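Novice: Chains as they are written, first to last, in this note's numbering: chain A, 8 to 472; chain B, 8 to 472; chain C, 8 to 472; chain D, 8 to 472.
Honestly, I wouldn't trust all of these hints.
Pairs involving identical chains hold if they fit within one copy or between any two copies, as the list cannot separate such chains.
[As the list claims (entries may be wrong)] Below, computed lysine to any residue pairings styled on SDA-like, alpha-carbon distance capped at 25 Å:
| hint | residue 1 | residue 2 |
| --- | --- | --- |
| 1 | LYS85 | GLY271 |
| 2 | LYS58 | ALA288 |
| 3 | LYS441 | MET236 |
| 4 | LYS59 | LYS100 |
| 5 | LYS358 | GLU313 |
| 6 | LYS85 | PHE135 |
| 7 | LYS378 | GLY357 |
| 8 | LYS60 | LEU101 |
| 9 | LYS347 | ASP301 |
| 10 | LYS57 | ARG131 |
| 11 | LYS57 | ILE30 |
| 12 | LYS347 | ARG324 |
| 13 | LYS445 | GLU34 |
| 14 | LYS358 | PHE162 |
| 15 | LYS358 | ARG226 |
| 16 | LYS203 | ALA343 |
| 17 | LYS442 | SER250 |
| 18 | LYS100 | SER79 |
| 19 | LYS100 | GLN142 |
| 20 | LYS398 | THR28 |
| 21 | LYS59 | PHE135 |
| 22 | LYS441 | GLU341 |
| 23 | LYS159 | SER302 |
I should point out that these hints are in silico values taken from the structure, not numbers from a laboratory.
These numbers were taken from a predicted model, which means no experiment stands behind them.
Number of protein chains: 4
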Amino acid sequence: MKAKTDKIYHECGITGIISNTRINIPEKLFYPLFSLQHRGQESCGITYLKKKKLVTYKDLGMVSTVLSHYLSEEHPSKIGIGHVRYSTHGGNKLENAQPFMFSCNKGDIAIAHNGNISNSDRLRNELFQNGSIFQTTSDTELIMHLIARSSKPTFFDALLEILGMIEGAYSMVLIHDGSLYAIRDPSGFRPLVMGKNENITVFASETCALDILHAEYIREVKPGEILKMDSRGLKSFSFGAGSRHSHCIFELIYFARPDSTVFGHSVHLVRKKMGEMLAKADSTKADIACPVPDSGNSAALGYSTESCIPLEQGLTRNHYTGRTFIQPLPSQREFAVKMKLHPVRACIEGKSVILVDDSLVRGTTSKAIVKLLKDTGAGEVHFRLTAPEIKHPCYFGIDIPTKEELISNRLNPAEVAEYIGAESVIFLPIESLKKCVKNPDDFCFGCFTGEYSVVPGNADRSRKE
Amino acid sequence: MKAKTDKIYHECGITGIISNTRINIPEKLFYPLFSLQHRGQESCGITYLKKKKLVTYKDLGMVSTVLSHYLSEEHPSKIGIGHVRYSTHGGNKLENAQPFMFSCNKGDIAIAHNGNISNSDRLRNELFQNGSIFQTTSDTELIMHLIARSSKPTFFDALLEILGMIEGAYSMVLIHDGSLYAIRDPSGFRPLVMGKNENITVFASETCALDILHAEYIREVKPGEILKMDSRGLKSFSFGAGSRHSHCIFELIYFARPDSTVFGHSVHLVRKKMGEMLAKADSTKADIACPVPDSGNSAALGYSTESCIPLEQGLTRNHYTGRTFIQPLPSQREFAVKMKLHPVRACIEGKSVILVDDSLVRGTTSKAIVKLLKDTGAGEVHFRLTAPEIKHPCYFGIDIPTKEELISNRLNPAEVAEYIGAESVIFLPIESLKKCVKNPDDFCFGCFTGEYSVVPGNADRSRKE
Amino acid sequence: MKAKTDKIYHECGITGIISNTRINIPEKLFYPLFSLQHRGQESCGITYLKKKKLVTYKDLGMVSTVLSHYLSEEHPSKIGIGHVRYSTHGGNKLENAQPFMFSCNKGDIAIAHNGNISNSDRLRNELFQNGSIFQTTSDTELIMHLIARSSKPTFFDALLEILGMIEGAYSMVLIHDGSLYAIRDPSGFRPLVMGKNENITVFASETCALDILHAEYIREVKPGEILKMDSRGLKSFSFGAGSRHSHCIFELIYFARPDSTVFGHSVHLVRKKMGEMLAKADSTKADIACPVPDSGNSAALGYSTESCIPLEQGLTRNHYTGRTFIQPLPSQREFAVKMKLHPVRACIEGKSVILVDDSLVRGTTSKAIVKLLKDTGAGEVHFRLTAPEIKHPCYFGIDIPTKEELISNRLNPAEVAEYIGAESVIFLPIESLKKCVKNPDDFCFGCFTGEYSVVPGNADRSRKE
Amino acid sequence: MKAKTDKIYHECGITGIISNTRINIPEKLFYPLFSLQHRGQESCGITYLKKKKLVTYKDLGMVSTVLSHYLSEEHPSKIGIGHVRYSTHGGNKLENAQPFMFSCNKGDIAIAHNGNISNSDRLRNELFQNGSIFQTTSDTELIMHLIARSSKPTFFDALLEILGMIEGAYSMVLIHDGSLYAIRDPSGFRPLVMGKNENITVFASETCALDILHAEYIREVKPGEILKMDSRGLKSFSFGAGSRHSHCIFELIYFARPDSTVFGHSVHLVRKKMGEMLAKADSTKADIACPVPDSGNSAALGYSTESCIPLEQGLTRNHYTGRTFIQPLPSQREFAVKMKLHPVRACIEGKSVILVDDSLVRGTTSKAIVKLLKDTGAGEVHFRLTAPEIKHPCYFGIDIPTKEELISNRLNPAEVAEYIGAESVIFLPIESLKKCVKNPDDFCFGCFTGEYSVVPGNADRSRKE
């Protein structure tokens, strides 16, 4: 699947719900997971507490398929967590689907995790030497082992201990002994927010998952914070003090849903601003500004406003392109693009077009899109990207191809334009991108700059590069 | 399903393909049908000629599910037709899925049909009296009987005879004796176009079905034209001379895909023009103009341009709302809207919003959308519709609720606004609508005006009203 | 599928249920159809009357899959019919699945039919000439047309008229205007019985379908009898007086379930008797007598008793050989046999074996079975068949291969033995077979003798031979 | 499901295949697993070595469904193992499906296991204390942990060490570092055999799995033997010397397929002998001896031969009773029996019947069968069981209800007869049963006598009783 899409991918979305009274937790978990579907379409699952026993249900497939039966079933419970997953490494095995549930000397524990432990190889090797077994390639299994192995007497002490050992990105939710934990790594790589409605407290990767539950947004789980919630109320603990914040800028560029608020920013407005900044850096004359739907929609709006080049819906998106359909097809980029994007001849023919999209990875999809426009009669196509040139790997949960595959490691923008068949290509300069957020120093731009707030171990680095 | 959606519905999309050499016709039919999916999602099917025998495959479900196996199979053939269907009457039975295939004294015949025979009740009764049997409620079965019953000696003479008997809307494609026929009723209610690429000639309801095959648009099948295509080439025959044209205006307002050219008009540009005309008729001050995606996208663009009220993507559309998911849910409008449309708080909160959509039927969906915006903090919501008030039934294939259910038969615009919770509601005046097309006299506005170019029989009329 | 099995096949099983009070008719129909599954595994379906409307549900697949949802649904009704089908001709199309339901000038009618109209080609041609259309190759569609075309004023008169026109085998059940009809052709080719429990009257192809409903067996529907049952009670009408009875002997040899009573005979006891008669005609010495399970079970018991050769379960039958599994496999007879039948080495090794089965068609399956036994170490294998040599076609609903494919048209028993690898082959002599039933003159032995009580038209004959 | 069947159940069947050349191992594994389906119908799976990586595929469902795709795919490999599973404890979770595959400090290892570790609770607790995590309730996970935890430097030394730690029943196959291991516990509770054909060496629970591969039976894996097979050939190692053999007698009474050779005995012949011994202990006069098919078939044959009471097929078994069908049904024993077993009235009516079956657990199924016969008119029903009275739990992999549920703990044979509605009930005396096998001291009769060769730990015992 990865080869088919030419997008960079996120690992997961997570949610957790706790209530003071017994409610239908599995049904309640359905909605935020459905809202987080864009963060992972490969597998999904939930774990909830049923009469003091943790119950897990997970499968390969979409939330609307795998979990919809919970909409018409009754499972009274007070606490549950859920997960949607796109695999970065490890293949599309059901074994890697989350939440994970296990028994150990600290009790029965369920975890759902979003991120990437950057020192996992070293930790895994140590566990190996001490006789641990691994049934998956998931970082979550690593965390499970560390908790079990900890010599600390209580679950909470063990948790604190292992949070001092693991590095990287790890927004996660856990259930242990009737309490729900929400934890965010000290750098705050991945988002995690808290909301509330009259009955329940919800944690989720994005605010759109709160909205669907009519839950009011309260605040973010802070970087380096453990929130513990149970019948006695909410407690907050800190760890990893002094770490620099490193919010993933790609959450704002591409991953998050435009209607979400992420790292305190409206995703839609930030993207619109990126479009404006792109236009400021660009004096190209053109007849229309046109988004690649839906990822370029917000930015194209900003571009058009700033440049006064009229916005046009020159490409429409097909709503019937399901996964079941994609799979038997030949894996040609051009074909896949044609089944998904449809050019509007009357807008395109004879026009010079500013085409606004989020990012360029290998360039194959963009090449197919430019060809589609040219075949429809576009005069000129000027490709504009809200992401700077991607040149470096990510150690924190984003699935970026190898350095060799990244087009910007091989070609400069003019060469990229030639490769994809466009008249010009402009990437948003990193300095302009920084102006789109309130506190750019709190963000990670590592995939553009190669500079990371957390330095990953050598072993991991070599594995990726 | 109909009750769930509060939209008016079309019956079908059709396609036909003929080639001089043996090619993989079923695979070729997949693409135009996939492109016509928006015209019918209940069932789909194809018929093709395999070694002088007609073979039909059809089932309930989407093209991407039902027909995708043809993408990896080989079925050499020279000729085939296909159909996507949304049921207006007759329920969602597989029996009514098309194409229909039958044997009679004129030979083996396959038909796929889009439209509605307005004098079908009378014709059906006559056939009943003469001993015909009906296994479905489809007009297509009626046409089959008429062909078989005709006393004319040849298929073609019989075809001409029955085209003189049936009234109403009937774009259709047929296979008989190695020839492909494309036929459009004398009023031209439903679209039907012809395209060509190096290998094949294609007929389809919309041009978007030609584009996906890289077929060049040649022309429309004319109202009252029979096109017969076989190995000896293309022949054109006329019938029903002197009829007034009656193109369905709703094809342009809502049914057709924006990237199609229908009745000689770019659908997207006509809709944009409708948005402009709406703005001209409107002096409301507002902060943003926002479409109800995707049906209001083009018009909102026009509205914004004309009014200089900034366009905003205040509502985003969920791409994971599949049919499988919808079905087990409680059939509440509000819930269904929430799973499909997501407001962007940062755009909406505290703003006065011009909301642009295509039409208002019962008003229940619009009410839920307005509530969604208000719950998100919108200050004012002004609802704008590119369709005039719908007050009358359609006899030509559109599924419109009973007069009592149509909100515009009960309430005036101010009352509608109150009902749906909006500050104001404006319908595009019919005179403005007429200005959006080149030759308004060639269109049917019957559902707005109650005036129809073809007067349906009393029996049918009473059935509908 | 036919090529895979090397068995001769029956067309169908039928049932009809009527009650004086509203009961859950679809659930009630499930049981007799489940009991008749052996008579047809390709498709199944039911039609029942729901608030004066006939409702049909049918699909390809087994009763336990297609109709099991009715076990947990409620559909109050007083009358229904059902059908299981194995296709003889017409392919495995859903279109041919029964019951058929249609509207005509005699009203709304549903039919389920078991048999074969031997003069169908002629009747079909006449209907063609008069403008009838055929969507299937089913005889049932023919019957539907004849009823509709009849000039008789009432349904019942039309029914009587057409029963005078059609020839061949036709046990059937119909619903018309709140009445249930059960009809058997004047020759009584196919079985049809009536049963009753406190609430309902049931018609079914075999008594095993009555047993599962705790319905008491009342009597057979007589050859040439129409039974009409409705709220006013049961009426019997006769037609086709003077016809010679022609019960299909293969119902007793192979088709019917051993626990059924068919044509007044216990199927199991008749088969046991066939085994005894085989033994009487046989002086072979052997160590064990062994059935080919399950079709040879009853006869092997009779053979063992009569011959005093000990019965052994030398072959066991696999219960997990489902249809889903069979289909992707290579269509080798030997493989299919191995997946289904397992020899018990300890019984077989070094032994001379009398192997008892029902019939030999092409001989390919028998050859594979003999090889299996020899590979397991059997010393001698003597094949014994309760059916005489099959040499002729059937015009009454049994699917027999062409004359050329029938092994007994090419080889005498000694040559057959050589072909299948057995030491000897003995077919039950036809005179012995006749002694197994009470009134042999009432039976059809046409596939053995080539003599038929009803002489089929030339057209049909040539089609089959 | 367990509640529905009133049978005692086995845990699993296993197989392993190794070849000197690359062959299609997954396809080859299909056949023995298909043959072992009777040993477990809940889930199945395989692991094979593909380019030095272990690949596992497993799912809930039957072999014919889950694994049939391998029949038409090519996966060259030299080594693989497979498993079919019926859950005793742990519920029907996919998590418990086997084979298990894991990475540890001894390398990558795959295991498939049949049996029950009787001291698992104690071992599990020790691992817990040392920081192991458990994701399943499977004994196989326990074995995995022990191997990983072992301080021995090599896999083989670790294996030997842990085989000294675990107690109970454990026939298993493993893959490690290109070698296939087949291991049987020192008591030999569960069967495990080796076979060979020209290309491959096969290990399997029963010989029927060798037969389907045309593999010649070589010998049993001996109790307390490790067979290691790789490209350098076969090596045998012993462990656990001095243990008493404890073959599970229920393998012969019920679990194994009649065509298998198990513990050196032909299953069919042993069962026939049990029937003879039953007859010797019985002077009841009756008209017929009739098996409950298929589990009573062999024994009824023996009973009939010894007693000279004629054998009859008074009950026939339905072949269309699939799992999909059973599940939506009301869980009434009587109904389930009726859908599966059909009495032949002509054999039963007015007759006194000796009914031969394998064992009585709760008595509910037997009660329903007796009622079925009586309803069909049987005069007397005398129930005969080849198993003695079951009164004790099993610690070695058999799923026996609690002591309270076992009918023989509450009622004596006369009372049992009254409860199930039979005229008499006779259980095969344990002394007679012992005469049916060559060396009765090598068998475990614990569920009848309460005496076990291996004394399970207190913790486990209390858990079961």
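Novice: Please sort LYS441 with MET236 into within, between, both or neither, judging by C-alpha distance up to 25 Å.
Specialist: neither (36 Å within a copy, 62 Å between copies)
Novice: When no copy is specified for LYS60 and LEU101, does a C-alpha distance of 25 Å or less occur within a copy, between copies, both, or neither?
Specialist: Both. Shortest intra-copy (22 Å) and inter-copy (18 Å) distances satisfy the 25 Å Cα cut-off.
Novice: Checking LYS442 and SER250: alpha-carbon separation at most 25 Å within a copy, between copies, both or neither?
Specialist: within (23 Å within a copy, 64 Å between copies)
Novice: Quick one: LYS85 to PHE135, C-alpha cut-off 25 Å, is that within a copy, between copies, both, or neither?
Specialist: Result: close neither inside a copy nor across copies, 36 Å intra and 27 Å inter.
Novice: Under a CA distance limit of 25 Å, which applies to LYS358 and ARG226: within one copy, between copies, both, or neither?
Specialist: Cα proximity of LYS358 and ARG226: across copies only (23 Å, versus 46 Å in one copy).
Novice: Since the copies are identical, ignore which copy is meant and state whether LYS358 and GLU313 lie within 25 Å (CA to CA) inside a copy, between copies, both or neither.
Specialist: both (20 Å within a copy, 21 Å between copies)
Novice: Taking 25 Å as the upper bound on the Cα-Cα distance, should LYS445 and GLU34 be classified as within, between, both, or neither?
Specialist: neither (37 Å within a copy, 52 Å between copies)
Novice: Taking 25 Å as the upper bound on the Cα-Cα distance, should LYS100 and GLN142 be classified as within, between, both, or neither?
Specialist: Intra 11 Å, inter 16 Å, cutoff 25 Å: intra and inter.
Novice: At most 25 Å between C-alpha atoms: does LYS57 with ILE30 qualify within a copy, between copies, both, or neither?
Specialist: For LYS57 and ILE30, only the intra-copy Cα distance (11 Å) is at most 25 Å; the inter-copy one is 39 Å.
Novice: As a check of your reading, is LYS57 near ARG131 (CA-CA no more than 25 Å) within one copy, between copies, both or neither?
Specialist: So LYS57 and ARG131 pass the 25 Å test across copies only (24 Å; inside, 32 Å).
Novice: At most 25 Å between alpha carbons: which applies to LYS203 and ALA343, within, between, both or neither?
Specialist: Only across copies: LYS203 and ALA343 sit 22 Å apart there, 41 Å inside one copy, limit 25 Å.
Novice: One pair to classify: LYS347 and ASP301, alpha carbons no more than 25 Å apart. Within, between, both, or neither?
Specialist: For LYS347 and ASP301, both the intra-copy (11 Å) and inter-copy (15 Å) Cα distances are at most 25 Å.
Taken one by one, the earlier hints fail for this structure at numbers 1, 2, 3, 6, 13, 14, 20, 22 and 23, listed in ascending order.
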